[in-house]
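Undergrad: One letter stands for each residue in the lines below.
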Amino acid sequence: MASDLSIPETVSLEVTSDAWTTAQRRERWRRRLLPLAGGAALLFIWWALIAIFHVRSFIAPAPDVVATTFYAKFGMLMANLGPTALEALCGFALGNTAAIAIATVFVHRKSVEQAFFPIAVLLHSIPVVATAPILVLLLGNGLAPKVSIAAIICFFPTLVNMVRGLESVGAQSMELMHVLSATQREVFFKLRVPTSLPFLFSALRIAASTATVGAIVGEWIGSQVGIGALIIQATYNFDAALLYATVLCGSAFSVAFFQVIRLIERLVVRWDAQSVS
Amino acid sequence: MATSSVLARPVPADAGRPAVECRDLTVRFMSERRTVTALERVSVTVTEGSFLTLLGPSGCGKSTLLRVIADIVPPSSGDVRVLSKTPAEARRNREIGFVFQDATLLPWRNALDNVRLPLEVGGRHELPPGSMGPEELLALVGLAGWEKALPHELSGGMRQRVSIARALLGGPRVLLMDEPFGALDEITRDRLNEELLRIWHETGTTIIFVTHSIYEAAFLGQQVLMLAARPGRVREIVTIDLPEPRRLSMRETAGFTAQAAHLRAVLETC
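Chains as they are written, first to last, in our numbering: chain U, 1 to 277; chain L, 1 to 270.
No lab work stands behind these hints: they were computed from the structure.
Treat the numbers as computed from the prediction; the structure is a model and nothing was measured.
Take these hints with a grain of salt, some might be off.
Some but not every residue of chain L turned toward chain U, in silico, with C-beta under 7 Å [stated by the list, open to error]:
| hint | residue |
| --- | --- |
| 1 | Glu40 |
| 2 | Arg41 |
| 3 | Pro74 |
| 4 | Thr104 |
| 5 | Leu112 |
| 6 | Pro118 |
| 7 | Val121 |
| 8 | Trp146 |
| 9 | Leu150 |
Distance condition first, Cα-Cα at most 25 Å in a straight line; then the derived SDA-like pairs of lysine to any residue [as the list claims (entries may be wrong)]:
| hint | chain 1 | residue 1 | chain 2 | residue 2 |
| --- | --- | --- | --- | --- |
| 10 | U | Lys190 | L | Ile199 |
| 11 | U | Lys110 | L | Arg33 |
| 12 | U | Lys190 | L | Ala149 |
| 13 | U | Lys73 | U | Ser57 |
Backbone N, C-alpha and C fix where the C-beta goes; we use that ideal spot for every residue, glycine too.
Modelling step: build the complete structure from the supplied sequences, incorporating the hints.
TA: Below you can see the structure in the form of structure tokens.
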């Protein structure tokens with residue numbers, strides 16, 4: 001009895017911990033492979049539906065046809081992605097810079113915030129698709145209207161988040177800065193800006209995808225090149241395979257943009273933003 | 001661990017002189033509907049190098065009194081002197097250190113950079129000659145080796161130690177502490193109480209310490225300033241008679257128990 005109760009030697013403990021790490025490793029692989037399996041299953045269902053119902057390829061192409069088109073027209077797709085990417089990146093830079101600058105003014109001049117913030121919210125409620133033709137009329141057919149649409153679409157979420165971030169500084173932190181006789185400038189750069197970074201990045205992540213949407217919407221109205229223009233052309237020509245390949249190309253860019261922002265966020269925001277003490 | 005030679009207090013050259021003087025201090029907060037009197041005609045003198053604890057029920061203005069001395073809250077009437085200067089002058093001279101209820105560390109800075117913060121703001125980029133540097137202060141509060149740790153990697157007690165080191169940077173002559181251990185568990189709190197006394201002995205700083213714990217007030221303070229609530233006013237100043245250096249075990253002695261009982265009796269009339 002007593003010998004049964006005695007704790008076994010460490011050897012068996014190591015065996016247990018070995019089994020535990022194996023289980024952990026298996027679990028990790030499961031989590032990686034299952035989404036891939038899910039995706040493959042959906043592609044198969046897509047392919048099967050088109051084959052079973054004999055859907056003609058100008059209505060909806062099978063996945064393998066889309067893949068072949070993507071490969072065959074890769075050069076042309078990239079040539080069109082170039083301008084769209086440029087518009088999205090410029091719009092992203094412009095819209096977010098403006099939002100950060102205005103948020104900075106709002107935080108320092110309460111009356112300016114009270115005067116213009118409600119108007120900003122009101123303007124935000126106008127759908128971007130509706131403002132696109134107005135901007136094309138104002139700015140012509142070049143890059144300018146597309147960049148502006150992308151910028152406008154990025155602007156509001158960043159403005160709102162940045163104002164909230166800059167103002168989320170705790171009362172005690174402000175008292176601390178006061179006891180240390182910090183200047184307004186020091187409070188801004190040493191306290192407010194770092195505090196706002198997690199808020200800023202969550203807006204930038206959204207902006208990375210919406211900037212691409214803005215550029216594409218801009219191209220729908222009067223453009224010869226770009227992902228948006230290609231979407232319109234392919235639709236008019238009943239070239240469904242090209243349409244799908246173009247959409248794939250646009251969303252791949254958008255996802256990549258999002259991931260780059262997320263990577264930068266991980267490098268910059270290294271503290272636990274939840275546990276601000 | 002501390003030897004008695006460490007605990008022999010360096011007597012400041014100007015011992016006995018007042019570090020903080022409040023005369024007829026009144027603070028009112030105006031809101032739209034009514035005026036709240038947080039402090040009414042409070043007069044108190046804190047001698048240089050002494051340890052005063054502020055004890056009273058919530059709403060008695062303990063924190064307000066500390067904030068007036070630190071120039072965070074302006075007095076409505078009356079006079080406050082910190083080292084014979086106005087609180088604003090003392091603050092600009094960095095003669096006041098403040099420890100908040102929460103550690104109030106900047107979460108993106110490691111422990112050492114948090115302690116260094118006072119050297120980066122307020123136009124004070126150099127330490128006064130002879131005062132302890134950031135690394136030395138971290139060692140003083142028992143955090144040697146934790147310089148690179150970020151606040152979220154530290155426990156609540158360790159974070160409060162960092163904030164004490166930050167408040168001590170530049171050797172302030174007056175250290176104000178606003179319920180600094182109130183959010184900590186009892187074991188951590190006891191340990192920090194004993195360590196705070198050691199730090200007080202080693203630095204010779206005047207300490208004013210707000211607490212709502214009778215035992216903390218009696219164990220730490222040479223004197224306990226008891227405030228009554230609504231409006232906040234001085235009820236009694238109790239001198240605590242305990243042999244130095246104080247040890248946690250003294251809290252079980254009859255002498256300590258009697259003094260704590262007296263504080264409790266006075267508190268019931270506040």
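Undergrad: None of the hints should be skipped; say for each whether it holds.
TA: How the hints compare with the structure:
1. Glu40: violated (23 Å)
2. Arg41: violated (25 Å)
3. Pro74: With a closest approach of 12 Å, the proline 74 of chain L hint is violated.
4. Thr104: Cβ of threonine 104 of chain L sits 5 Å from chain U, so the hint holds.
5. Leu112: violated (15 Å)
6. Pro118: holds (5 Å)
7. Val121: holds (4 Å)
8. Trp146: With Cβ-Cβ at 15 Å, over 7 Å, it is violated.
9. Leu150: Since chain U brings a Cβ to about 6 Å from leucine 150 of chain L, closer than 7 Å, the hint holds.
10. U:Lys190 to L:Ile199: Answer violated: lysine 190 of chain U to isoleucine 199 of chain L is near 29 Å, above 25 Å.
11. U:Lys110 to L:Arg33: holds (24 Å)
12. U:Lys190 to L:Ala149: holds (19 Å)
13. U:Lys73 to U:Ser57: holds (17 Å)
Of the hints listed earlier, those the structure fails to meet are numbers 1, 2, 3, 5, 8 and 10, in rising order.
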